[in-house]
Amino acid sequence: MELLLELWRGSGFAQMSWGQAVMIGICLGLLYLAVVRKFEPLLLLTIGFGGILSNIPGVEIATGDGLLHLAYVVGIESGAFPLIIFMGVGAMTDFGPLLANPRTLFLGAAAQFGIFATLLGAVGLSELGIMDFSIREAAAIGIIGGADGPTAIYVAGKLAPHLLGAIAVAAYSYMALVPLIQPPIMRLLTTREERAIEMTQLRVVSRAERILFPLLLLLLVALLLPSAAPLLGMFSFGNLMRECGVVDRLADAARNALINIVTIFLGLAVGSKLSAGQFLVPSTLGILLLGMVAFAIGTASGVLMGKLMNRFSTQPINPLIGAAGVSAVPMASRVANKVGMEANPHNYLLMHAMGPNVAGVIGSAVAAGVMIMFAGG
Amino acid sequence: MELLLELWRGSGFAQMSWGQAVMIGICLGLLYLAVVRKFEPLLLLTIGFGGILSNIPGVEIATGDGLLHLAYVVGIESGAFPLIIFMGVGAMTDFGPLLANPRTLFLGAAAQFGIFATLLGAVGLSELGIMDFSIREAAAIGIIGGADGPTAIYVAGKLAPHLLGAIAVAAYSYMALVPLIQPPIMRLLTTREERAIEMTQLRVVSRAERILFPLLLLLLVALLLPSAAPLLGMFSFGNLMRECGVVDRLADAARNALINIVTIFLGLAVGSKLSAGQFLVPSTLGILLLGMVAFAIGTASGVLMGKLMNRFSTQPINPLIGAAGVSAVPMASRVANKVGMEANPHNYLLMHAMGPNVAGVIGSAVAAGVMIMFAGG
Amino acid sequence: MELLLELWRGSGFAQMSWGQAVMIGICLGLLYLAVVRKFEPLLLLTIGFGGILSNIPGVEIATGDGLLHLAYVVGIESGAFPLIIFMGVGAMTDFGPLLANPRTLFLGAAAQFGIFATLLGAVGLSELGIMDFSIREAAAIGIIGGADGPTAIYVAGKLAPHLLGAIAVAAYSYMALVPLIQPPIMRLLTTREERAIEMTQLRVVSRAERILFPLLLLLLVALLLPSAAPLLGMFSFGNLMRECGVVDRLADAARNALINIVTIFLGLAVGSKLSAGQFLVPSTLGILLLGMVAFAIGTASGVLMGKLMNRFSTQPINPLIGAAGVSAVPMASRVANKVGMEANPHNYLLMHAMGPNVAGVIGSAVAAGVMIMFAGG
Amino acid sequence: MDNGLFLGGIRLMLVGMGTVFFFLTLLVIATNAMSRLVARYLPDPGATVAGPAAEEVAAIAAAVTRYRQERR
Amino acid sequence: MDNGLFLGGIRLMLVGMGTVFFFLTLLVIATNAMSRLVARYLPDPGATVAGPAAEEVAAIAAAVTRYRQERR
Amino acid sequence: MDNGLFLGGIRLMLVGMGTVFFFLTLLVIATNAMSRLVARYLPDPGATVAGPAAEEVAAIAAAVTRYRQERR
Ligand code: NA
Ligand code: NA
Ligand code: NA
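Residue numbers (my numbering), protein chains in the order written: chain A, 54 to 430; chain B, 54 to 430; chain C, 54 to 430; chain D, 154 to 225; chain E, 154 to 225; chain F, 154 to 225.
Hints were generated in silico from the structure; no laboratory data involved.
A portion of the hints provided could be inaccurate.
So the derived list for chain B, only partly shown, Cβ under 7 Å to chain D, looks like this [claimed, not checked]:
no., residue
1, Trp61
2, Leu158
3, Gln165
4, Leu172
5, Glu180
6, Gly182
7, Ile188
8, Leu265
9, Leu269
10, Leu273
11, Leu277
12, Gly298
13, Gly416
14, Ala420
15, Val423
16, Phe427
Computed cross-link-like contacts, SDA-like style, restricted to lysine to any residue with a CA-CA straight-line distance of at most 20 Å [unchecked claim]:
no., chain 1, residue 1, chain 2, residue 2
17, A, Lys211, C, Thr116
18, A, Lys391, A, Pro232
19, B, Lys360, B, Arg156
20, A, Lys91, A, Leu81
21, A, Lys360, E, Thr178
22, B, Lys91, C, Gly298
23, B, Lys360, D, Met170
24, A, Lys391, A, Ile250
25, A, Lys91, B, Gly298
26, A, Lys360, A, Asp301
27, B, Lys91, C, Ser259
Glycine residues also receive a C-beta, built at the ideal position from the N, C-alpha and C atoms.
Next comes chain A alone, as it looks inside the complex (with noise of 0.2 Å):
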């Protein structure tokens, strides 16, 4: 009867607290949105079964030497598997449509402004005594605009781990919501005849332009920003392993098997930091808001300087795929294209919006950079 009782007391029932419960709830919600609707699947999946166990009072996973903690600490804390993800994203990214039209570097650079617009949000926010956001968090916070997971949990956890899970959250739902964020933006910024451009097809490149890129860029990047350089580092690790033919196993397991067994810990470790304490504040509601500010404000300021590009081009530049710049690849590309087509059943944006849109992964690894700079130091 003894045993009886300390086994309910041992029960999660038992334990439970209301915030746990509706944090569970949360949880499902986000495994609803992965497996029914198909939002980011492995990230919201992984993530989400991750938060289930991290709020399951009593279930030793997500604390002290538990599976999901250390993964936690080794993975996340350290940086590793943001780095190691990056490196399997460049082992699978195609820079030849960039390379064929480098001026499209520029539209994943204004795109960026998503991103400190956001940041601005966030201390005016604090400003005004609404939230209570330091430079750190708000920096944290922006990086949401850059629509790039591992970008935003490396700046997170680095910055201001105790919001991981609302920006790591945040950074996936609003990636698998592009397709509904950024139409309304893009039409409402653009006239249809701007929408019917169509582009002049892409230049061969060269295997020789493949192989030096992510070596010009890691230069680049190493040089002139050093806080940058892990992100874009292991990035061009990745696509030189990919472009120069001579380490085709090494490559393959970067962007596969290594790939495949870090975003299956990554998402968990990210889950475990969805604890109700960290999670059901106020804090989060603001970085909802607000990472949904960010990717509008990036669209726009995308196709605004795709509208000012095209002006002043020889060129045709059809503005939309100025959108694709803020990355989400090859969600925000495949969105330019479906719009231009509505616009003109012959415009077939697909292959020049994805110059903008590896371009939009680049600038925010730029942008992560300057925060973990000046915010960082």
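Assemble chains B, C, D, E and F with the ligands onto chain A, guided by the hints.
Quick look at chains B, C, D, E and F with the ligands alone, frame taken from chain A:
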């Protein structure tokens, strides 16, 4: 000359104790069982080889900061390796037959009686002064009867790390011996008519049921028995990745690259605990004997439960499938199928036995949770 | 303005020393050798890239708790990475030709003279006051002559971690240069008639021999030279997984996913030791020179041993296969085959050379064990 | 005799088997409820029986048939 | 009002966007220079457009064509 | 001159080469013994020569043959 003498003194020949020589012989025996008899080769080969490496005097690989000791600390002490393997097993497991006939879960429950009877045997031997097991040690030994390697290693790592080697060897050896141990018991406890019972075909199971079941299992275990939640949580996670259909690349990593890599290091690390000092003690003999008893009792309980259920059920139930409730997936199911076909050549029990078989995995994880909660507290 | 100044001060341009610039140049050279000349690309690409990352001032990836430093501590200091790679190499190695003609082991023994001659050269240079190597350092340098990357990294990590970068670069560079370094020496030491000798076809080797050989190797090395047992133990383990036929999924993981992942991090971690302060010292020049000498002497010893064996053997032995005794599998075998065909177009030495070639792996691991035992004691 | 240890074993056995049965009974009930809810609210026309096992059964059946034909 | 925080935010925004544009401008210049050098000194006859994306465009194009033919 | 270091090097060389030869000689003997025991007690009809290497030799041989035929 001096140097040659030093060479000789440094050699394994000069330093080897009798115990180490015997252990190397035992490990060669494990390799024989693995390679020639094909007894659970994935684990017995790796454990055996690790055992040889750790019993050679002067080899600094199982001690200090050697690779095997490192693997032990990182993977077994923390519980990480068994949990990762459980995730992979989940990503391989088909709950379809269980979902088609959930009552077979009772068979998986009954077969766990072997675990607790063995626990009782272990404390009994201690009461009689023959052995000297504490309640923690007795609990860890009992889990051998769960016929589930990772569960046994997980529990032994928590409750009785000094017995880990013997428990792991016993668990995997007896799992391999299922086709020899089970049939006589099954024939003894059933009539020919019972063994000949044909079961009705299983109903189809929908995708939604398959996706919801691991979540149901997770929530139930989490709320009722948090100490079993790490094991069953990772198991559910693997199964959810498998069934949800949106993260196939992660499920694939979990059941291939990751589980294979972890199995290599788990085996070597368990082998590193096969030192003469810890293995060549009377308690090992006790563990081996009790483990055998555990298997026999578990098999018998499952079969008897099957007879009971057959009496009170409208649908016919062949009691042989109760023997599959000990786990040892899928070997125990094949044994049930084979013994059934001896009595009735039209009797295809394989799929019907898979229900209690995977139920046995859940059942022994629940039993493990009880052990950790009460004996480990 | 202040911030821009800070940006400039934080930039790599402002902080870079001459040494770092030179090292980045050297690392770009390694990348060139890897990508364009296809010199051991798996290692020279990863080492070169790691070297660039670690020579950029302000990049916190090769220091503190950066990813590369983490990989160094976890994988190289502990010896884990070279051992895991040795396991994978074992899972790739075919001992068939060696088993068909075990005498070729003597060729693998003779070629290790290069190791010890280089050791002597290193202490000689120190005696003459030209260099200043301790006996530990000299031993680590000598191992370059073993023409076996993981062995060299393992020994350097134990005996002279501060020389690790230079030793690894020398070892892999010279292994890549085998087709250039070896042929002149081989032609110098043999007559055209000797090079034209055709060897009798190899006998068939049974599965049992293949399975028993790694165990034999393990037991011999364990009993005679425990300090070589970690290397040869993991090598044997990988080979046993390959040959036993019952754990194919583990063997496959060892020689694919696992070895590829570990190679990525091993290369980056070794690269993190290519800091200007440790690499741009006179001793590096000494190491590169001595390494070259080691290769030449090893090749010569193998060929001379081949001539000796040919004189006293009833079966004809082509002395060219002795050059394959330095290891560098399978490059050295291909070189022997090619030089042999120049003298006699019907002379297919490839398979005959594979015997001494894998014997060279065993031989240099044995030599490594001696070094660790006596110099490391 | 240290009755404490043996009694402790008996109590652990009772609580243990009790928990196992209690838990799996709940799981049976919950699974049945879930299946009924799914059948009502999420009907799935493309459902199939457990694949690999089914194939294995089919293979065994085919082998048995062949075996009998050969013996005739 | 703590002007420090807000001013800090504005300065970080200016420096940040400045750095992003400065860096990507340099990258455009460097990439163009690199491409021109490659075209002159390392001509590569077997160059191709970005593979998978090209295939995807082709697939979409084919689908659109089929769709139109079906509507006629 | 620090004879200790140089003498140490010589002694290490002697012991080292001695150990290498001693070890590999033992391995030759043990391997031969093992092979003979296997041939007597575990005969294996399905034995084959080293696969991949054999294929490579065959490929080289074929290439050489083709090369000669072309030159004629
Ligand atoms: Na971005
Ligand atoms: Na079980
Ligand atoms: Na060698």
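Here is what the structure says about each hint:
no.	hint	verdict
1	Trp61	violated (50 Å)
2	Leu158	holds (5 Å)
3	Gln165	holds (5 Å)
4	Leu172	holds (6 Å)
5	Glu180	holds (5 Å)
6	Gly182	violated (9 Å)
7	Ile188	holds (5 Å)
8	Leu265	holds (5 Å)
9	Leu269	holds (5 Å)
10	Leu273	holds (6 Å)
11	Leu277	holds (6 Å)
12	Gly298	violated (12 Å)
13	Gly416	holds (6 Å)
14	Ala420	holds (6 Å)
15	Val423	holds (5 Å)
16	Phe427	holds (6 Å)
17	A:Lys211 x C:Thr116	holds (16 Å)
18	A:Lys391 x A:Pro232	holds (10 Å)
19	B:Lys360 x B:Arg156	holds (13 Å)
20	A:Lys91 x A:Leu81	holds (14 Å)
21	A:Lys360 x E:Thr178	holds (18 Å)
22	B:Lys91 x C:Gly298	holds (10 Å)
23	B:Lys360 x D:Met170	holds (19 Å)
24	A:Lys391 x A:Ile250	holds (13 Å)
25	A:Lys91 x B:Gly298	holds (10 Å)
26	A:Lys360 x A:Asp301	violated (40 Å)
27	B:Lys91 x C:Ser259	holds (19 Å)
The structure fails to meet hints 1, 6, 12, 26 from the earlier list, while all remaining hints are met.
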